[in-house]
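Peer 1: As a plain string of letters, each chain reads:
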Amino acid sequence: MNAYFVNSLKRIFSLILIVSLSANVYGQSFENDYKPLTSVGPLPEEFVRTAKEMAQEDMQLVENEENRTAKQQFAMRNNYFLKNLLLGGNVLVNDPLTKYVNKVVDQLLIGNPSLRSQLHVYVTKSPDVNAYAFDKGFVFVNVGLLAQLENEAQLAYILAHEITHVMKKHSVSLYLENIKIDNGSERYERDERTLEKYRFSKEQESEADIEGLKMIKQSNYSVKALSGAFDVLQYSYLPFEIMDFNKSFFEDEHLILPDTLFLKKTSEIKSNDDYDDTKSTHPNIRKRRGAIEADLKAADESTRKKFLVSEEEFKTVRETARFELCRLYMIERDYVNAVYAGYILLQKYPNNVYLNKMVSKSLYNIAVNKSGKSSRSSSSFGGGKSRFTITDHEKIEGASQRLYYMLDQMTATELNVVALSFTFKAARKHPSDKTLSNITDSLFSELVNSNSMYLNNFSKLSKAEMKNIDTMKTVAAVEEVEESKYSKIKREQAKVEITTDENFTRYAFVGLLKDEDFVRRFTEASRGLTQKAAVGNDYVASKKSGSSSKKKKSESEFLGIDKVAFVDPFYMKVKNKGGQELVDFFESEKKEGSLLNLQNSCADKLNLSYVNLSTKDLTTSDIEKYNNNALINEWLTERFKHGNTNEMITSSEDMAQLIQKLGTKYIAWGGVYNNKTRRYHNTYFFMVFDLETGETKRYETRYTTEKDNKDLITAFTYNSLMYVAKSPK
Amino acid sequence: MKKVLIFTLFFQGLFLNAQVAGYMGKRMTIGYSNYFSPSFYGRSANSTVRSLGMNTVNCFNVEYTIGKRTNFCVGGQFGKTGFVKEGGFNYKYYDSTYSDPVQTDVTLHYLPKNGLPMQMRSLNFSVGFKFFRSGYIAPVGAYTKVELLLFMNRVTYDPLAFYANTARYEEERIKTRIGTGTYNFKSLAIAATFGRQRILFDRLVLDAGIRLAVSPNMVLNFISTEVFGDGYNSTMEEQIRLNSNTRLFTAQLFNFHLGIGFLAF
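Chains as they are written, first to last, in our numbering: chain R, 1 to 729; chain Z, 1 to 265.
None of these hints come from the bench; they were simulated from the model. Mixed in with the good hints, there may be bad ones.
[Stated by the list, open to error] Some, not all, of what chain Z presents toward chain R, calculated at C-beta under 10 Å:
(1) Ala21
(2) Lys85
(3) Arg133
(4) Pro139
[What the hints assert, rightly or not] For lysine to any residue, the following SDA-like pairs were computed, each having C-alpha atoms within a straight-line distance of at most 20 Å:
(5) Lys247/R - Thr413/R
(6) Lys710/R - Ala142/Z
(7) Lys676/R - Gly135/Z
(8) Lys707/R - Arg133/Z
(9) Lys676/R - Ala142/Z
(10) Lys707/R - Arg198/Z
(11) Lys707/R - Leu200/Z
Computed from a predicted model, the values in this text were never measured in an experiment. Glycine included, C-beta positions come from ideal geometry on N, C-alpha and C.
Start from the sequences, fold in the hints, and give me the full structure.
Peer 2: Right, dumping it as structure tokens:
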């Protein structure tokens, strides 16, 4: 009996374990949190082969074909870009989204296994509503597209369209046609050439639409559902959901946003599907829809379905894509869309800490840009736009227009107050989350240092309480013979504030000022004890001393860093042949490897410890390395977009673990761009970032009119790393 | 002692700020260069016949990277050539064959039995800086070198090999010893070199460029003596100095150079 009982218990525990493990693998609950997408499992073969290897294989295939030289040039180019895409970190491997999309492809090509075996389908972390294909059989679907779809059949049709591009080898045909058009100088005028290229591209797109439909017809997917696929494309510029933005999202009992900040009416959605497509690679939506409309109507739907894989899985995938989209908007510096996406999802999942963080970070970054006072004070960095500006609300259609208008109309202080109120309340709801706590501190610091707002600028009493006091004081003033000049001024000012919606910020913290923690942190910020905090760790950046002496400046260039992580270097060699600039892809790839080796040997000479975050020597089991690299690339992309502003980096939160793994918080990235026209133009760059703070520790560019000889690049690299390794004397 | 102290302090000051990269941490280069220029006017050390030739100067140099784009350079050069004053030397001749000696201005021509022109050996020392162009890191790349040269010339000739311009026969040869037969001169020059330096195998330094050198005191002497001065009042030593300097000036004015060296440490 006992043994039976024990065995039964074992079985129950095993079942619970299996269920919980499969829940982790196949999906995640959105109620409380969201873990960003990462790749899992072994890396496919194409990730570990060099572009040269892949290109040489393709080049051999066209050895005896017509236009051999052009096709071989295309093979080099195509493989180089494909390889860069695969290793850039945006491509997801074996994640739930990619798995699902592959299942849809399986269903789509159920009758054509040979074609299926030639395809490699991946999901890419991009907010753009798009999918694209490479002739080699690679199809990529963006997260932005998955977030917008209504059903599986729509995805199947978009995939069918892309697979047609692969089957028909449209990329190489377009490349050859473009060369033909460029060389046919007598036949075409300059503008005509461009239009001719567009015309050819449109022909290919129409063909892909029609052939894609045939593919769908051969499968069991619903044909009628395809019309919606064009709606997805037509309205792709709108957020994934239309939901009225309610100002109560930011409000509480005391923080009441004035109506003047809200548009009474938002502009209607007036997307035109019959736009001028003369200078477009794709025919306009009306033409595309029209070309397949008859077939859609005539289709027999009796055995066809909108969902063949699983409706439930589709919805989970779409929801995951929407969560992921919030991050991607942040990375793309599209903060208003990030807030709006967060707003929509928070209606459904109000306790989700990830969504709260996304909204808080976005508000913080907009506030920082509005105040215009915060900028990174270290080495000036030229990348990216210097300041983020909110898109003019008049250019926005639909419900999100209200949010654009509100955030645009708010002053820096108002936005800071709203962001602080939202973040503090979110942090109170999720007390174990360090990021929300850090953002709160940063917002306090911003309020004091950039917007000069202190505790005494906020009323502890509500408007109603103030009105009472005011009445009592008026009575008292009548009774008293003398009232001081200053109390009269203050009383008059308070009267204005009470009676109007202006200066709503004065009463914004009435509730929060009753919270001891709020008052303590505000006081600390006012005393200068709180500086801007980095996201996701306890690091508190010290205020930079603004020394102007030349000696001090040169000394500060030495960083005295013990260990760095080298990111895959950039190398591009361009040759000029017959007036055309051609990238030497093979040489560029080879030199990328050489530059990393050079960085390593220079670091050795300087006794600088290092770790390579390179993807050059990946093996199929290096998924962790691949994910680390993807995380760094994402971080760098976002960091570059921020330029010199002091915005928070979304992925910094995930950096703490990586920093621990790498054993350093500093990453170094360098590269060379060498272009030979009449003379050589050589640009070398090198930069070091602090992953915790986002600070650019070193940024260096060198331009010379010289060939990229080894000695030249060695001298540059050693010099750059010397400044990293050596301490100021 | 005071000079030594100042010199020491100056160079110590240069190397104090030595936290510079050099090439893979190596900053000292030891090398040899050959400076050469076509000689259109002068003679060689072995012939008085004017012909197109090549002036060459051998140079040993030591360089040290003191800044991100700056090398401090010292060098020693050695050159050998000959010179001939085509119009002859001006000389105040005292003819003692008469009871009452007469002083006459004569032009003397140097015509030694061995047929060689006056010999000039030049040992030069140079101190300068190589400034690498913007974008480069010393010691690699294009540079402009500015240097100060100290020429130490020794002119040797046969003092009994002069003929007066009026001499028609051997017996009319002036028997008087003219000058000492050896003169040592010093002069300064400033030079600018435009060159490019490369490093092969992380050790071997290749250097090539063009140098322009001007000796200001030579130019001033030439103007004061030949343009405004009375040539007959010049001493023989002055005339030889002027001519040796002129020869040197033409040789140094424009030079190509090719050099090879190694990165020591």
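Peer 1: Now tell me, hint by hint, if it's right for this structure.
Peer 2: Each hint tested on the structure:
1. Ala21: holds, 4 Å
2. Lys85: This interface hint is violated because 47 Å lies over the 10 Å limit.
3. Arg133: Where the cut-off is 10 Å and the nearest Cβ of chain R is about 8 Å from Arg133/Z, the hint holds.
4. Pro139: Given a least distance of 8 Å, the restraint on Pro139/Z holds.
5. Lys247/R - Thr413/R: holds, 18 Å
6. Lys710/R - Ala142/Z: holds, 15 Å
7. Lys676/R - Gly135/Z: holds, 17 Å
8. Lys707/R - Arg133/Z: holds, 15 Å
9. Lys676/R - Ala142/Z: With Cα atoms ~18 Å apart, Lys676/R and Ala142/Z stay inside 20 Å; holds.
10. Lys707/R - Arg198/Z: Since the Cα atoms of Lys707/R and Arg198/Z sit roughly 11 Å apart, the hinted pair holds (cutoff 20 Å).
11. Lys707/R - Leu200/Z: Status holds; Cα separation ~14 Å.
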